[in-house]
Amino acid sequence: MKIIILGATSTIARELMARLATPADDFLLAARNSAEGEACAADLRIRSGARTIFKPLDATALDGHAAWMRAAIDALGGLDGVILCFGDLGDAGKARRDWDEARKVIEVNFTAAVALLEPAAAELETQGKGYILALSSVAGERGRQSNYHYGAAKAGLNVFLEGLAHRLAPKGVRVKIAKLGFVETRMSQGVPMAAPLRTTAGKAAEKLVHFLNSSRQSAFIPWFWEPIMLLIRLLPTRLFNKTKL
Amino acid sequence: MPSPNVKETAASVPLTEIAGWGGYPVTATRLVPLLDPAGLGALREPRALRGNGRSYGDAAALANGWTVSALPRNRFLAFDRERGILRAETGITVGEALRIAVPAGWTLPVVPGTKHATLGGCIASDVHGKNHLEAGTFSQCIVSFRLRLADGNEIVCSRETFPDVFWATCGGMGLTGYASEVTLQLRPVESPLLATRSVFCCDLEACLSALAFDQEYTHSAAWVDGFATGKKLGRSVVLRGRHATAEEACGMQGGGSMTTIATPVSASANIEIPRGMPGIFLQPFAMRLFSRMHLASQARLCSREPALSTFDSFFFPLDAIGHWNRLYGKRGFVQHQCVLPSRTAAEGLRMVLESLHGAGISSFLAVLKATGAEAGPLSFPLPGFTLALDLPRVNPGLNGALDQIDERIAALGGRIYLAKDSRMRAETFAAMYPRLAEWLKTKKEIDPMNLWQTELGRRLRLCA
Numbered sequence: 090m091k092i093i094i095l096g097a098t099s100t101i102a103r104e105l106m107a108r109l110a111t112p113a114d115d116f117l118l119a120a121r122n123s124a125e126g127e128a129c130a131a132d133l134r135i136r137s138g139a140r141t142i143f144k145p146l147d148a149t150a151l152d153g154h155a156a157w158m159r160a161a162i163d164a165l166g167g168l169d170g171v172i173l174c175f176g177d178l179g180d181a182g183k184a185r186r187d188w189d190e191a192r193k194v195i196e197v198n199f200t201a202a203v204a205l206l207e208p209a210a211a212e213l214e215t216q217g218k219g220y221i222l223a224l225s226s227v228a229g230e231r232g233r234q235s236n237y238h239y240g241a242a243k244a245g246l247n248v249f250l251e252g253l254a255h256r257l258a259p260k261g262v263r264v265k266i267a268k269l270g271f272v273e274t275r276m277s278q279g280v281p282m283a284a285p286l287r288t289t290a291g292k293a294a295e296k297l298v299h300f301l302n303s304s305r306q307s308a309f310i311p312w313f314w315e316p317i318m319l320l321i322r323l324l325p326t327r328l329f330n331k332t333k334l
Numbered sequence: 020m021p022s023p024n025v026k027e028t029a030a031s032v033p034l035t036e037i038a039g040w041g042g043y044p045v046t047a048t049r050l051v052p053l054l055d056p057a058g059l060g061a062l063r064e065p066r067a068l069r070g071n072g073r074s075y076g077d078a079a080a081l082a083n084g085w086t087v088s089a090l091p092r093n094r095f096l097a098f099d100r101e102r103g104i105l106r107a108e109t110g111i112t113v114g115e116a117l118r119i120a121v122p123a124g125w126t127l128p129v130v131p132g133t134k135h136a137t138l139g140g141c142i143a144s145d146v147h148g149k150n151h152l153e154a155g156t157f158s159q160c161i162v163s164f165r166l167r168l169a170d171g172n173e174i175v176c177s178r179e180t181f182p183d184v185f186w187a188t189c190g191g192m193g194l195t196g197y198a199s200e201v202t203l204q205l206r207p208v209e210s211p212l213l214a215t216r217s218v219f220c221c222d223l224e225a226c227l228s229a230l231a232f233d234q235e236y237t238h239s240a241a242w243v244d245g246f247a248t249g250k251k252l253g254r255s256v257v258l259r260g261r262h263a264t265a266e267e268a269c270g271m272q273g274g275g276s277m278t279t280i281a282t283p284v285s286a287s288a289n290i291e292i293p294r295g296m297p298g299i300f301l302q303p304f305a306m307r308l309f310s311r312m313h314l315a316s317q318a319r320l321c322s323r324e325p326a327l328s329t330f331d332s333f334f335f336p337l338d339a340i341g342h343w344n345r346l347y348g349k350r351g352f353v354q355h356q357c358v359l360p361s362r363t364a365a366e367g368l369r370m371v372l373e374s375l376h377g378a379g380i381s382s383f384l385a386v387l388k389a390t391g392a393e394a395g396p397l398s399f400p401l402p403g404f405t406l407a408l409d410l411p412r413v414n415p416g417l418n419g420a421l422d423q424i425d426e427r428i429a430a431l432g433g434r435i436y437l438a439k440d441s442r443m444r445a446e447t448f449a450a451m452y453p454r455l456a457e458w459l460k461t462k463k464e465i466d467p468m469n470l471w472q473t474e475l476g477r478r479l480r481l482c483a
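Quick note, the sequences are listed as chains A and B, same order.
To convert, take the position in the first sequence, counting from 1, and add 89; that gives our numbering.
To convert, take the position in the second sequence, counting from 1, and add 19; that gives our numbering.
Hints are computed from structural coordinates only; laboratory data are not their basis.
Please read these numbers as outputs of a predicted model, since none were measured by experiment.
Cβ atoms here follow ideal geometry from the backbone N, Cα and C, with glycine treated the same way.
Please note that the accuracy of each hint is not assured.
[Claimed, not checked] Some chain B residues judged to face chain A by a derived CB distance under 7 Å, without partners named:
1. Arg94
2. Leu96
3. Phe98
4. Phe219
[Unchecked claim] So the derived list for chain A, only partly shown, Cβ under 7 Å to chain B, looks like this:
5. Ala124
6. Asp132
7. Gly138
8. Ile142
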């Protein structure tokens with residue numbers, strides 16, 4: 090399998106790659122930080138025996154994304170799957186005051202994903218097989234005061250992916266949306282969250298592998314976020330607006 | 020994204036209560052993942068380093084200060100499969116390293132009793148294994164390591180470059196700096212199995228002679244019956260082992276080979292003790308029962324014919340029960356590991372076991388091993404024998420009894436293993452480690468402000 094991992098230095102991405110890679114695979118790892126990315130590529134090669142290459146990627150350099158994806162597919166010599174792992178929670182408080190912060194959160198989580206996944210989808214559509222797996226968030230289920238810029242971007246991403254899935258399903262290409270709850274990663278450091286709702290990156294990665302091999306188009310990870318988010322969505326606005334969520 | 024290099028976030032990182040493997044003492048600390056090692060230089064505050072939390076006491080925590088977890092730094096950087104040279108970040112665990120190395124025909128020459136220790140922890144405690152007589156401590160397989168000093172600069176330490184820092188760091192309990200990357204010389208193995216044989220010993224003398232160096236069976240350890248007294252004191256089963264040849268592994272496993280035994284070292288435990296498990300090892304009756312059952316099961320294996328054993332069952336038998344430390348309940352337990360020089364070993368070991376019996380303190384698990392040459396100034400082993408005991412924290416006289424035992428061990432020329440320690444007194448410690456002054460001199464040179472601190476370091480005046 091020839092797989093592109095976008096945001097390969099993230100904690101979940103590393104756990105996921107370690108579980109997916111076999112000596113028969115080719116992985117292209119993309120991340121902003123070259124030193125970290127190269128180290129992650131070497132690590133995956135040693136752990137799994139897969140062939141790995143690293144290609145630097147600045148998610149905010151939106152205009153270059155189509156060409157970047159073309160070059161990445163050429164470097165791999167084909168494409169069987171794309172896994173979108175990058176995301177930026179940003180600083181929710183700052184995003185309210187500072188347009189640059191708000192724009193960064195929207196661009197990284199939504200615009201960059203669209204710019205990168207559309208050309209990848211075109212490639213998969215032509216060959217009539219392959220998958221796109223995107224790590225989205227439960228934050229996209231209902232706008233909440235604590236992180237609505239991030240939530241809006243992820244909600245946009247979810248709708249984009251649903252549309253993509255709708256378009257590509259008849260062509261044999263699977264588009265899969267993983268809605269992650271609270272996972273202990275670099276991104277979530279310092280975010281207070283009740284212990285029972287937390288999960289480790291390793292456990293989340295295991296569930297992602299299971300989800301990838303299933304026929305479902307979208308899933309909450311871990312599963313219990315599905316009823317939680319359902320309740321939050323169903324909460325009448327008058328009540329919802331009184332909560333501190 | 021709080022990390023210790025961002026000053027403003029100090030208030031936003033709450034105090035978390037953590038403990039070592041023994042569950043005692045519990046320390047409230049600001050635990051943060053090490054995301055950017057270069058940023059450590061900007062942190063001008065005391066901080067402790069922590070790996071996977073497998074040292075038993077207070078060696079990897081700093082009360083009301085920063086405790087930096089090196090676990091996120093866990094990447095393999097290079098592996099030369101022809102020459103057996105592995106370069107890795109130090110958040111990698113022993114088990115992870117073996118899972119890569121063994122299928123390629125290599126092994127770590129020295130492994131501790133748990134595969135969950137990080138390579139960083141192995142350096143800091145300069146761990147030893149069942150083959151210390153032959154292979155020495157972990158430092159023996161280190162080619163070099165990168166060490167991030169208190170001033171933020173990184174140096175490469177080896178036996179040739181910065182040898183004093185190299186030796187102060189091997190066994191230095193993480194108080195000299197952050198060893199970010201290590202290069203290890205692995206040892207070739209023909210199979211992922213060990214050929215083992217065990218001997219039943221009826222008393223201490225028999226046990227000590229059975230542990231003597233054996234050219235062929237280079238690995239050995241004894242399970243000692245912690246409840247045997249009087250003439251039966253030291254009743255034990257000595258387990259010996261060596262790496263099996265490819266021929267043996269194939270023949271005895273019905274054609275099993277390196278490639279067919281997929282996981283020489285499993286990633287998960289067979290059973291997991293849940294959080295909040297009542298401490299059944301606090302009941303002397305249960306402890307006695309388990310101790311006898313364990314010894315009986317080991318004795319059953321005694322034979323002249325070599326048997327085959329996996330890495331997991333030979334090196335890491337306790338890891339088969341995930342979180343076995345929870346069997347000691349909320350109050351935790353104290354591990355007491357001493358080494359005694361050969362000439363006083365019989366006397367000293369008898370003294371330790373009898374003093375504990377006298378104080379009404381019993382140990383489920385007692386492991387006796389032979390040890391050889393000394394290494395760094397704070398490295399634990401010396402030529403003689405080492406005894407490790409797990410002691411539940413139920414008896415109020417435990418600390419006093421152990422303090423007395425420690426003093427007598429020091430008088431007999433022995434010492435206590437810092438990786439296991441949670442309670443030793445600074446004076447006793449100084450009497451046990453004659454090269455302490457040499458270590459303190461190096462510490463002062465490379466960390467004059469004492470930025471690298473731990474609770475253990477404070478208690479034993481290594482960073483005060």
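Measuring from the C-beta of Phe219(B) to each C-beta in chain A, is the shortest one below 7 Å?
violated, 42 Å
Does the closest beta carbon of chain B sit nearer than 7 Å to the beta carbon of Ala124(A)?
violated, 10 Å
Given Arg94(B) was flagged as interface, is its beta-carbon under 7 Å from a beta-carbon of chain A?
holds, 4 Å
With 7 Å as the cut and Cβ atoms as the points, is Ile142(A) at the interface with chain B?
Violated: closest Cβ of chain B sits about 16 Å from Ile142(A), beyond 7 Å.
Per the CB criterion, is Asp132(A) less than 7 Å away from chain B?
Since the shortest Cβ distance to chain B is 4 Å, the answer is holds.
Have a go at the Phe98(B) hint: is there a Cβ in chain A nearer than 7 Å to its own Cβ?
holds, 5 Å
Using 7 Å as the Cβ threshold, decide whether Leu96(B) counts as touching chain A.
Holds: closest Cβ of chain A sits about 6 Å from Leu96(B), inside 7 Å.
Hint validation: Gly138(A) versus chain B, beta carbon distance must be below 7 Å. Holds or violated?
violated, 9 Å
Comparing the model with each earlier hint shows violations of hints 4, 5, 7 and 8; every other hint is respected.
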